[in-house]
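Chemist: Those sequence lines, one after another, are chains A and B.
Be aware that the first sequence starts at 1, since it is given in the working numbering, and climbs by one per residue.
Be aware that the second sequence starts at 1, since it is given in the working numbering, and climbs by one per residue.
No wet-lab data here; the hints were simulated from the structure.
Backbone N, C-alpha and C fix where the C-beta goes; we use that ideal spot for every residue, glycine too.
Treat the hints with care, as some may be off.
In silico DSS-like links for lysine-lysine, alpha-carbon gap of 30 Å or less [said to hold, decoys possible]:
{"id": "1", "chain 1": "B", "residue 1": "LYS231", "chain 2": "B", "residue 2": "LYS604"}
{"id": "2", "chain 1": "A", "residue 1": "LYS2", "chain 2": "B", "residue 2": "LYS604"}
{"id": "3", "chain 1": "A", "residue 1": "LYS2", "chain 2": "B", "residue 2": "LYS651"}
{"id": "4", "chain 1": "B", "residue 1": "LYS604", "chain 2": "B", "residue 2": "LYS651"}
{"id": "5", "chain 1": "B", "residue 1": "LYS381", "chain 2": "A", "residue 2": "LYS2"}
Here's a subset of chain B near chain A, in silico, CB distances under 8 Å, partners left out [as the list claims (entries may be wrong)]:
{"id": "6", "residue": "LEU36"}
{"id": "7", "residue": "ASP37"}
{"id": "8", "residue": "ARG602"}
Every beta carbon over 12 Å from chain A, so not counted as near; a handful from chain B, in silico [unchecked claim]:
{"id": "9", "residue": "LEU84"}
{"id": "10", "residue": "TYR106"}
{"id": "11", "residue": "MET171"}
{"id": "12", "residue": "ILE246"}
{"id": "13", "residue": "GLY267"}
{"id": "14", "residue": "CYS372"}
{"id": "15", "residue": "VAL406"}
{"id": "16", "residue": "HIS418"}
{"id": "17", "residue": "THR420"}
{"id": "18", "residue": "LEU431"}
{"id": "19", "residue": "GLY500"}
{"id": "20", "residue": "VAL511"}
{"id": "21", "residue": "SER592"}
{"id": "22", "residue": "TRP631"}
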Amino acid sequence: MKQRPAADLSELPTFGLGPRSPTWWGTLAFMALEGTGFALAAGAYLYLAYLSPEWPLGVPPPNHWPGTIVMLLLLASVVPNHILNRYAEACAMVPVRIGLLVMALLGIAPLVVRWFEFPALNIYWDTNAYGSMLWVLLGLHTTHLITDVGDTLVLTVLMFTRHGYSGRRFGDVGDNVFYWDFVVATWIPIYLFIYWTPRLG
Amino acid sequence: MSSADLAHERDLAQQRAAAQKGDLAPEHDGPRDTGLDDASLDRWLARTWQTAPGIIGALSSVDHKIVARRYLITAFFFLCLGGLSAVAMRIQLSGPERGLIGPDRYNQLFTMHGVTMMFLFAVPIVQATGIYLVPLMVGTRNIAFPRLNAFSFWIYLSGGLFAWVSFALDMAPDVGWFSYVPLSGPEFGPGKRSDVWAQMITYTEVSSLAVAVATIVTVLKQRAPGMSLDKIPLYVWAMLVTSFVIVFAMPAVMITSTFLILDRLVGTHIFNPAEGGDVLLFQHLFWFFGHPEVYIIFLPATGMVSSVIAAFARRPVFGYLGMVLSLISVGFLSFGLWVHHMFATGLPKLGASFFTASSMLIAIPNGLQIFCWLATLWDGKPIVRTPLLFVFGFFFTFVAGGLTGVMLASVPLDLQVHDTYFVVAHFHYVLIGGSVFPLLGATYFWFPKITGRIMNERLGRWHFWLAFIGFNAAFFPMHIVGLWGMPRRVYTYPAELGWGNINLFITAGAVVLFLSFVLFTINLVHSALRGAPAGDNPWNAGTLEWATMSPPPNYNFAHIPVVTHAEPLWAERDTLPVATGLRVDVRELVISTVAEAHPDVREKSATPSIWPLFAALAVGATFLYSIFSPWAVVWGAGPIAITLIGWFWPKGDPEDEE
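Working from the sequences, and respecting the hints, build out all of it.
Modeler: Right, dumping it as structure tokens:
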């Protein structure tokens, strides 16, 4: 088929940040499907809690303090996370490097406290279905936490190499910020389900 | 349409200013396609977009067409395995008390038939068709996230091999394709058979979710300039809605299979009623996926039907807006009917009534699509070729299956025929009628694009009539024998019940259906080698995949088309308006805005890489090991992390650096 030029795209930029980039949409799609996983796991938890004559089943409610500390750490991390985002948008290398180091530390800190959350549940996964669901919910969120911290660490190293001076890499930093928000946001309902639902009744 | 219509110059100036500040390496530039003659343009692009020769090159390919071809061939291979297992069951059932297959083998056979057809054939083949066609139809050069796409194929292949190697080792799942607890749980499902089911699910769903994400982003962000939402081909709309359904449905079955394997492997009690768990929870989670699954298979087929009908009726499909809204509403409604699979579990009456109503409701948008197609054919000048014959077969068969579906939506009738051959007949009418017939039509329709050759029409007509007659002969009598009370999933039946003759007839029908597929295979092979050359657009169809060569070059389009109409090739019959200004020495494509498809960014598409294969091997080995030990997750994390870093770490290509 013959062709005739109708539009000249030569002046278009070679990268776009945020919703202008396909990676941002890919990240959003992965959040949607992982969020569905969270919602269904939480739904299963509520379903079993609704059917059960007592909840928690046969043990005292979990000690909420390690979980509360994780919650506070995660909420506090949102501020530097968004400061980092602003520097990533401006493609400013030095502050982005500092921000990534800060975010790597703020990712590792809740993971350390998370270690103490599992014993604070006061029950094992194989004791009964209540214990199973607590471990499943906590495990699901921990997987996301580990994944994003791993991603942040690799990205931090990458930004200290010559590969960092590229619009795409700054876009990756922005998407990492975006995903961390998701990790923080999903902890809010999971935290309430694990620590406060058993205290309702 | 001028470039000013597509890209607001004012925005561009701002973007340039934004891009220039900050710590960025100086922007490299290379040769552009503007003003290049056709021969040099082809030379440049073919070199830039090529898959390297040799075995490493082949294993590193990220070309959506190559990956799609692998998917299509693999899915066809699994169709053959699933079909042969059905033939084996039909021979066993052809008469009362036949001794060909014992109960244990029979259990494995019907389970493998179900999981193969659903997870290894139906979903992968509709997604693979999308992987091939969607980038061509939206006018781009590769799918979004091409390495993720390559990774998905390797995961799918390993999941399928894993299931069938298990069958060869006599450890295939034997608890039905939905693997209900408690039968599949730790107490009643000893050995590894149910674990094979659970992890096979994990493999195939990871693969399917990856393709869904790639498809969504391709449709939202990589459409050709000017292809606003109201100019997207109906097939692409269907794939977009399907991909969204996958994103929200597939996690449910992954959660189900993970819970099951946790119960079996580490002793959780999620499905154990003795310790506060619940068996019906399994059914809820499974069918929250399982019902949308039907539409994951069906919606792409409606897109294929729309493409075939528009091409052969010689006019655009009647009621474009209504068609799109139907697709979207079917997508939403598909999440509201899962409980009709559970009517026999003794649900509260109000719940049952709600799900009866919603099950009947979904017939409305589906019916609307059928009427739009009929109106298109009525108003057009239909040319009856093999693809359209299969569409007629689809109308008849799918409507019949839909009607028994409305019958089954009512609780009293459902309770009577639950777990009988009536249900088997119903879902084969819906699935084969609703998906396989359109797929076969689509094969005849797009085969010329993929291979450059037209399939033999005479053999095609024989294929259609054999398939249509064989299918109805095999499955229609199942309604009757089901009403007589024959349960599904029995390996034999006593002669006194009088089901022998009708079962022999059913088996004869199944053999005819099988022969039709033999004929189809002969036609595929014969036409691929000796078929008549097709040319770019053998059917004079209107969508963009027909604007390029058959088979398409590795870069798809020499210039990215500019779209002014929903059927671009019918609006511009002589010359195609195209965009210029892209680099030809790197893999550059156009990223556009979501709604209007204004060109926004010239972005680089990922280069070939062996790492997706390594990552798939690491992930696959972890899944396999996890059947035997929970420590698999710990030991597998290292290799997975290493392969993912290898995948994403920039290697110095311009595609990585800019």
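Chemist: All hints are to be evaluated individually against the structure, with a verdict given for each.
Modeler: So, going through the hints one by one against the coordinates:
1. Between the alpha carbons of LYS231 of chain B and LYS604 of chain B the distance comes to roughly 25 Å, so the proposed pair stays at or under 30 Å and holds.
2. Restraint check: the Cα-Cα separation between LYS2 of chain A and LYS604 of chain B comes to about 26 Å, which is no more than 30 Å; the hinted pair holds.
3. Annotation: proposed proximity of LYS2 of chain A to LYS651 of chain B is violated, straight-line Cα distance about 38 Å (limit 30 Å).
4. A threshold of 30 Å between alpha carbons decides the hint, and for LYS604 of chain B with LYS651 of chain B the separation of about 14 Å falls inside it, so the pair holds.
5. Restraint check: the Cα-Cα separation between LYS381 of chain B and LYS2 of chain A comes to about 27 Å, which is no more than 30 Å; the hinted pair holds.
6. A distance limit of 8 Å between C-beta atoms decides the matter here; for LEU36 of chain B the minimum to chain A is near 11 Å, and the interface restraint is violated.
7. At a threshold of 8 Å, the smallest CB-CB gap from ASP37 of chain B to chain A is about 12 Å, leaving the interface hint violated.
8. Interface hint status for ARG602 of chain B: upheld, as the beta-carbon distance to the closest one in chain A is roughly 5 Å, under 8 Å.
9. In this structure LEU84 of chain B is separated from chain A by more than 12 Å, as the shortest Cβ-Cβ distance comes to about 34 Å.
10. Listed as a non-interface residue, TYR106 of chain B keeps its Cβ farther than 12 Å from every Cβ of chain A; the least gap is roughly 33 Å.
11. No Cβ of chain A comes within 12 Å of the Cβ of MET171 of chain B; the nearest lies about 25 Å off, and the non-interface call holds.
12. Annotated as non-interface, ILE246 of chain B brings its C-beta within 12 Å of a C-beta of chain A; the closest such distance is 8 Å.
13. Against chain A, the non-interface label of GLY267 of chain B is violated: not every CB pair exceeds 12 Å, the least being about 4 Å.
14. Residue placement check: CYS372 of chain B keeps its beta carbon more than 12 Å from all beta carbons of chain A (closest about 29 Å).
15. A cut-off of 12 Å between C-beta atoms confirms that VAL406 of chain B is not in contact with chain A; the least separation is 29 Å.
16. Look at HIS418 of chain B: its CB is around 23 Å from the nearest CB on chain A, clear of 12 Å, so calling it non-interface holds up.
17. Interface exclusion of THR420 of chain B from chain A stands, the closest Cβ pair being 30 Å apart, more than 12 Å.
18. The Cβ of LEU431 of chain B sits about 24 Å from the closest Cβ of chain A, beyond the 12 Å cut-off, so the non-interface label holds.
19. Here GLY500 of chain B stays apart from chain A, with its beta-carbon at least about 45 Å from theirs, past the 12 Å limit.
20. Listed as a non-interface residue, VAL511 of chain B keeps its Cβ farther than 12 Å from every Cβ of chain A; the least gap is roughly 42 Å.
21. Separation of SER592 of chain B from chain A is inadequate, the least Cβ-Cβ distance of about 10 Å not exceeding the 12 Å criterion.
22. Against the 12 Å criterion, TRP631 of chain B stays outside the reach of chain A, whose nearest CB is about 15 Å from its own CB.
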